Amino acid sequence: MRTVALRLAGAIPALIGVILATFVLTRVLPGDTASYFAGPTASAESIAQIRAELGLDRPLPEQFLRYVTALSHGDLGMSLTTGQPVLDDLAARLPASAELTLSALLLAMAVAIPLGILAAVKQGSLADHACRILVTGGVSLPVFFTGLLLVYVFYFLLGWSPAPLGRLDAFASAPPTVTGFFLVDSLLIGDTETFRAALAQMVLPVCTLSLFALAPIARISRASMLAVLGSDFVRTARASGLSPRAVILTYGFRNAMLPVLTTLGMVFSFLLGANVLVEKVFAWPGVGSYAVEALIASDFAPVQGFVLAMAILYVLLNLAIDLLYGLVDPRARMAA
Amino acid sequence: MHRRSLLATALAAPFVKPSIAAAQTAAPSRRETLLLVQEYGPNSLDMQGIGSAQPVNGVSLNCYDRLLRFKPVPLADGNGGTFQINELEGELAENWQVASDGMSATFRLREARFHSGRAVTARDVKWSLDRAVSIGGFATTQMAAGSLEKAEQFVAVDDRTFRIDFARRDKMTLPNLAVTIPFVFDSELAQKNGGGDPWAKDWLKNNVAGSGAFKVESWKPGVETIYVRNDDWTSGRLPSLRRIIARDIPSPSTRRALIERGDADISYGLPPKDFKDLADGGKVKVVGVPVPNALWSLALNAATGPFTDARLRQAVAWAIPYEKIMQASLFGRGIAMWGGDGKATTAWPQPYPYDTNIDKAKALVAQLAPGGITTSLIFDAGAATIAEPMAVLIKEALAPLGITVELQKIPGANFRGELNKKTAPMAINRFGGWLDYPDYYFFWNYHSNNSIFNISSYQNKEMDKLVDGARFAPDATSYERDVKGFIEMAFSELPALPICQPLHDVAMQKNIGGYQFWPCREPDFRYLTKG
Chain A
1 MRTVALRLAG AIPALIGVIL ATFVLTRVLP GDTASYFAGP TASAESIAQI
51 RAELGLDRPL PEQFLRYVTA LSHGDLGMSL TTGQPVLDDL AARLPASAEL
101 TLSALLLAMA VAIPLGILAA VKQGSLADHA CRILVTGGVS LPVFFTGLLL
151 VYVFYFLLGW SPAPLGRLDA FASAPPTVTG FFLVDSLLIG DTETFRAALA
201 QMVLPVCTLS LFALAPIARI SRASMLAVLG SDFVRTARAS GLSPRAVILT
251 YGFRNAMLPV LTTLGMVFSF LLGANVLVEK VFAWPGVGSY AVEALIASDF
301 APVQGFVLAM AILYVLLNLA IDLLYGLVDP RARMAA
Chain B
1 MHRRSLLATA LAAPFVKPSI AAAQTAAPSR RETLLLVQEY GPNSLDMQGI
51 GSAQPVNGVS LNCYDRLLRF KPVPLADGNG GTFQINELEG ELAENWQVAS
101 DGMSATFRLR EARFHSGRAV TARDVKWSLD RAVSIGGFAT TQMAAGSLEK
151 AEQFVAVDDR TFRIDFARRD KMTLPNLAVT IPFVFDSELA QKNGGGDPWA
201 KDWLKNNVAG SGAFKVESWK PGVETIYVRN DDWTSGRLPS LRRIIARDIP
251 SPSTRRALIE RGDADISYGL PPKDFKDLAD GGKVKVVGVP VPNALWSLAL
301 NAATGPFTDA RLRQAVAWAI PYEKIMQASL FGRGIAMWGG DGKATTAWPQ
351 PYPYDTNIDK AKALVAQLAP GGITTSLIFD AGAATIAEPM AVLIKEALAP
401 LGITVELQKI PGANFRGELN KKTAPMAINR FGGWLDYPDY YFFWNYHSNN
451 SIFNISSYQN KEMDKLVDGA RFAPDATSYE RDVKGFIEMA FSELPALPIC
501 QPLHDVAMQK NIGGYQFWPC REPDFRYLTK G
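Protein chains in written order, with UniProt numbering: chain A, 1 to 336; chain B, 1 to 531.
Accuracy of the hints is not assured; some may be wrong.
What follows is a list of derived Cβ distance ranges for each label pair [as the list claims (entries may be wrong)]: (1) B:Val73 x A:Phe145: 40 to 48 Å; (2) B:Ser116 x A:Thr177: 52 to 60 Å; (3) B:Val392 x A:Leu60: 36 to 44 Å; (4) A:Ala70 x B:Glu406: 37 to 45 Å; (5) A:Ala200 x B:Gly339: 32 to 40 Å.
Far from chain B, some chain A residues (derived; all Cβ distances over 12 Å) [stated by the list, open to error]: (6) Leu15; (7) Val24; (8) Leu126; (9) Thr236; (10) Phe253; (11) Val328.
Think of the hints as simulated: they come from the structure by calculation, not from any bench. Quick caveat, the model's predicted, so the values are computed rather than measured. Built from N, CA and C at the ideal position, the CB exists for glycine as well.
All chains, please: the whole structure from these sequences, using the hints.
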């Protein structure tokens, strides 16, 4: 418990840095929010009026002070692109991104870790080559390309997948919000029809994202498994006549997990960012596409809110990974 | 307190509000439901509000009524309708009459009801128009374009009689009442919920208080907007569609796949290549309406930089590869604005008397800038699908003349800022004026008032005289003389080089009928049918 509190306290300077940096960065970026939102036939006066209304005519320190004051009340400001408070937008959109990312990560793990282990155990076999091909493919195919390709084949040509209209078909209605995860929420009320509909919408984007996440996980699993299998204690275990299964899964796998865990943390955080393009292709109402839209329009508040949310998420994620380390490897617990 | 109530309304707004009407009658069938896909949806429900994006016009059109509306004019190919700026009909107004001195108009209101059930009165009309001229931003600018400037001009004579006193005789005053800004709010409902704000800006941003043919059933910004028909609408023929689902699908490839597979009924905003492919493919219907009063043009800065001499601008006009641009950047989805005979008519836009003639261009450049020119061209990254190939072709065509052009792609938010600086030597831009008059176009683009759209900062007293003359012309003869005068002047002076008039394309399934184009370009669900 103390470790958790200490770690969280340690994250505070980082968060302050993030707040300051995003504020400064959004302000130094070229681009004039007021003239963008002034509309097609804006006169100089109406632009000035909008600027005053948004508080953009104030000196920077004053703007920052207002921003921080609002922030301390939990107010992230208003988004001009959606016309809603940023906090509401993020709250509505973060579950969509998280559901997509988590599912993709689980799928990628389910495929990549066994594949990596298999490739390490049977070096040079068919499985090893398959692993290599998949990894190379996953790394070299850009996400938007894989996404569009999957849409083209499975929706446009074959018609197996439902229309890429977002999280649910246009004629279905969303389950009541509990977690914001449609899969979970629909099961909570026992609505299997909505569950199936939401799942069907998720298949293609999840496959796209997991193909991207697969590569690093499989590579690290394979490499770290190879290193572990070549180490002294595995040789000892083998010499003691333990079954290959016990050697690989009980002794090898557990020790090989540490670097994999580190990679998982990294993969998860960059998946959250990388799903911007997937969100665009599949009309997924997530935070990534939200932040990019806002950035293009020089709409500061959502960008700042997004970066802050990501920073907090990242801090929590790092913490979770560190705690998991302790579970996997008692030595890590001692060091902490 | 204020912040909290704002948060509460905003929190409540995006979620589905069950409509009472829908519960009483049978749910709309798939045949009465339209699925529309678009790049992005409304960021507010109040078109008069500051910062409202383009799709908010659609909310104004479908959920609110105006005093007047444009009469639908059938398109030549029978695939829908467009409008004519002077052909008006009553929407909330049963009839109207302009006073004999031409300085006011009196409107008799229909017996119409707001969604709240309250009768529409002249006081609501006055409150709404007062709001439009006082709220600032785009709404106020647009009202002023039709000489609607002060709240004192609007008079509620009695419950059903409303009068507008004109600031001056302006032919744009009445047409300007039919655009998507001067729509009528339920003023009592708005004021009751305004929470101290006399114009209820925050509340109206998230709530519709109108009398229009549709109500907003649910609005999730950035995701979808659902409209349901107002069965009690009496200000026009009851729409045949009962429910509209408008989904925001950011990727154009996905929007195209959806319409081609038949899952979406109607798709907005595809790149011109996709519209061409869809039109050629014949599986879906593509309706392309020439956007009235709109042009893609190349502006050459007339006040500063290398192109201050009109003859050099002419040289560029002779060098532009018009036909190539039309094919490679617009895929034929436009109307040629070159190859005219040099005799101006009162039509606008109309072809300029230039064509691709490299020899003429070379001769002019050799005479005026023998040392060659190094310059730059800016275009909006947001319009890059069209503007980028256009810019590249222009750069290529000017290179043999000794004009070296550096291309600068400017992100959307910065582009307006760059235009406001008025220093760019070359810029590609698309301008469209809602009020379809040539003098309106010239006023914004080529007049010494030097608005942001006068990208070339062209200033010429003679041009101003003709534009102002036409704007307030006392009779048809002098109007015609002035319009022809300024268009002919533009032919030789070239404040901007027109390239083409864009088509406004919409792709729809073959069973969708009644497509209607308006100046705001947003879909009008009141006319659409699904067979």
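Status of the hints after comparison with the structure:
Checked against the hint of 40 to 48 Å, the pair Val73 (chain B) and Phe145 (chain A) passes, with Cβ atoms roughly 45 Å apart. Ser116 (chain B) and Thr177 (chain A) have their C-beta atoms about 29 Å apart, which leaves the hinted 52 to 60 Å range violated. At roughly 39 Å, the beta carbons of Val392 (chain B) and Leu60 (chain A) sit within the given window of 36 to 44 Å. Ala70 (chain A) and Glu406 (chain B) have their C-beta atoms about 42 Å apart, which keeps the hinted 37 to 45 Å range intact.
Between Ala200 (chain A) and Gly339 (chain B) the Cβ separation comes to about 53 Å, which falls outside the hinted range of 32 to 40 Å. Under the 12 Å C-beta cut-off, the non-interface status given to Leu15 (chain A) relative to chain B holds; the minimum distance is some 23 Å. The beta carbon of Val24 (chain A) sits about 17 Å from the closest Cβ of chain B, which is more than 12 Å, so the claim that it is off the interface holds. With a minimum CB-CB distance of about 36 Å to chain B, Leu126 (chain A) clears the 12 Å threshold, and the non-interface call stands.
With 12 Å as the threshold on Cβ separation, the claim that Thr236 (chain A) sits away from chain B holds: the shortest Cβ distance comes to roughly 56 Å. Every C-beta of chain B lies more than 12 Å from that of Phe253 (chain A), the closest at about 40 Å, which supports listing it as non-interface. The Cβ of Val328 (chain A) lies farther than 12 Å from every Cβ of chain B, with a closest approach of about 40 Å, so its non-interface assignment holds.
Going down the numbered hints, you'll see the structure goes against 2, 5, while the others check out.
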